[in-house]
Every structure is written in C-alpha cells, then in structure tokens.
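Quick note on the working numbering: the sequence shown kicks off at 123 and runs consecutively.
Watch out, some of these pointers could steer you wrong.
Claimed, not checked - Ranges between beta-carbon positions, derived for each pair: (1) 388 <-> 338: 25 to 33 angstroms; (2) 340 <-> 429: 50 to 58 angstroms; (3) 168 <-> 400: 19 to 27 angstroms; (4) 330 <-> 267: 25 to 33 angstroms; (5) 351 <-> 168: 14 to 22 angstroms; (6) 235 <-> 197: 19 to 27 angstroms.
What the hints contain is simulated information worked out from the structure, not anything from laboratory work.
Where is the CB? At the ideal position from N, CA and C, for every residue including glycine.
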Amino acid sequence: MSVTVFMKHLTPVELLFTLLLVFLLGGNIPAHASQLKVASFNVESGDAVPSVIARKHIGPLEDIDIWGFSEVQNESWLLDLEQGTEDGENADFKTILGSTGRGDRLAIAYNSNLLEEVKHYELDDINIGGRVRAPLVAQFRFKPTGEEFLFVVNHLYRSSESSRHEQAQLLNEWGRSQELPIIAAGDYNFDWDVVSGVHDEGWDFLTADDVFTWVKPDKLVATLCSDRYDSVLDFVFVAGEAKNWSASSVILYSEPSDAYCPDDKTTSDHRPILATFQLEELVEPTPPSREQRLLQQIELLEQELEKLKTLVEDSQ
123 MSVTVFMKHL
133 TPVELLFTLL
143 LVFLLGGNIP
153 AHASQLKVAS
163 FNVESGDAVP
173 SVIARKHIGP
183 LEDIDIWGFS
193 EVQNESWLLD
203 LEQGTEDGEN
213 ADFKTILGST
223 GRGDRLAIAY
233 NSNLLEEVKH
243 YELDDINIGG
253 RVRAPLVAQF
263 RFKPTGEEFL
273 FVVNHLYRSS
283 ESSRHEQAQL
293 LNEWGRSQEL
303 PIIAAGDYNF
313 DWDVVSGVHD
323 EGWDFLTADD
333 VFTWVKPDKL
343 VATLCSDRYD
353 SVLDFVFVAG
363 EAKNWSASSV
373 ILYSEPSDAY
383 CPDDKTTSDH
393 RPILATFQLE
403 ELVEPTPPSR
413 EQRLLQQIEL
423 LEQELEKLKT
433 LVEDSQ
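Could you build the full structure based on these sequences and the hints that come with them?
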C-alpha cells in the first residue's frame, strides 16, 4: 500500500497523531569523520634494545591509537615499548601480549581513552605445527563512533615458503568468515619488490577473492634494512566493512634524512608502517529552543494538512 493510499484511510485524528509522532522522533543525526591511526612495527627481538626503539622511533610519533608489534622478546620488552607509545601523549595505553613464538612474540598496544577492548584471542590453527606465532586478534569498540572491529597482528613464516602460503590461505578463510570489519597488520614476509611489484605467492593467497585488500602506501620503500632486498615485508590489510573506510598509509622513516638504515645493535631492522582510517562519528545536533520546535512542527503540520485537504477534495 502506498503512503498516499494509506493516508486516505486515516481519520483526521489518526493522521494528526501519526504526523506528530513522526515530527517528535526527529531527523537524522549528522555524521563527521573521526580518525583512527594504526601502526605496525617489527621490533627485531634478540638484536635490538626496546628502550632505545621506544625513545628514538616510537615516542616521536604522535596520535597513534593502536600499535601492532611483532618480534617482542618478552613482557619486559613490551613494558619498554608501552612507555614509548605513551611518550608525549595524553593517553593511557594498555597492552596485550601473545602467548606463542617464544622470544619472537606478537603484541598489541592501544589507547584505552579511545578504544575499549571487548576481547582478545589467538588463531592457534594458523600457527603451523605450533612452531611460530599464532595471529593475535583483539576486538575493539572505537568510542567516538561506537564502531566495533577486529585488529589482528601477524608474523608469517620466513623460513618455510609452503608454511607461509598455508598461513596466508588460512587467514583468508578466517577473514571471509568474520562479520566485523578487520584491520590486519604485521610482517607477512611477502617480499613485494618496490620497483617491479613481483611478490611472494602468499600475497595472492591472502587477497584471493578480494577478501583482504592492501592499504598501499603512495610511496613504496623497502621496509627491511638490507643490501640484498629492496622489498616490502610489512603490510596493513583490511577486510569486510573496513574496505569501505577511507584509508591511507605511509612507510615511516623512509627519507634519507631520517638516517634509519642501516640499523645497529640497538634499533630494529624494520621500518614501521602507519595507516590512517576515517570512521563516521555520530554528533548530537544543537537542540533548538522549545519555541523553535513548536514553530517548526506547526509549519510542517500546516503543510501536511494542506496535502490532506487536497487528498480529500480529489476523492470526492
């Protein structure tokens, strides 16, 4: 039944009640963009000093909301890294440390002022043979928007190509089964050549059927300090509704003036990556005065009554 036909069947009292109900419910709440910043950083356990990394390469970076760390040696390392995330920030960062990987563990640090952790868990079936690292997943609620999403940090096999490819396939299967938006960061060891784009087949397994897409930096530089390789090992991917978010990324400390590479025994041999997302923020409008609301409702009622009068005249 159309709206016009429906209105014809209402008595004047029913119509007035319906119109008043619609007007009193109000209109749509306007939306504004709210920014979420995510960083991925392999901190090279066993060949770096976390306090130096925190001071030199984490602390100077501002307004990052989530850090995904790989190669975290232990809890002591994570405490040093957490101090770096809070340096210069008016924020309380909380941390999650993965249970797998021995001295090469995964970790997440997040700004609890902006993010509420709903839960976290590990994808043990993707830790092939139990010998490397299970992806670490945290479900967050972004307080400015109420949006819930999954943040997963990965560090895929380096020494076994077949195991790395199996991990990528399993991540693809996991991603396609999730209902929440996904941000997936970490060291994937996909060796994306910055000039030719030639890459490991694991990238194709992960992105099969467009399940995951790469938040590709405008400027590609090697994320590993190496004379042998000129490739990207560290990535930020998105899946689900997160693919519709406005997003950009940049490989940090990539300018010659940064003097980041070569690394030494105190710093990481990986460059961090920053991804920035724009999420819609619901903002309550400034409420009109009581008199303004009444005048608006009267004006709208007059318009609708005029339409009703026309409908009645047409039906005679």
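Contradicted hints - numbers only: Per hint list: single violation, 3.
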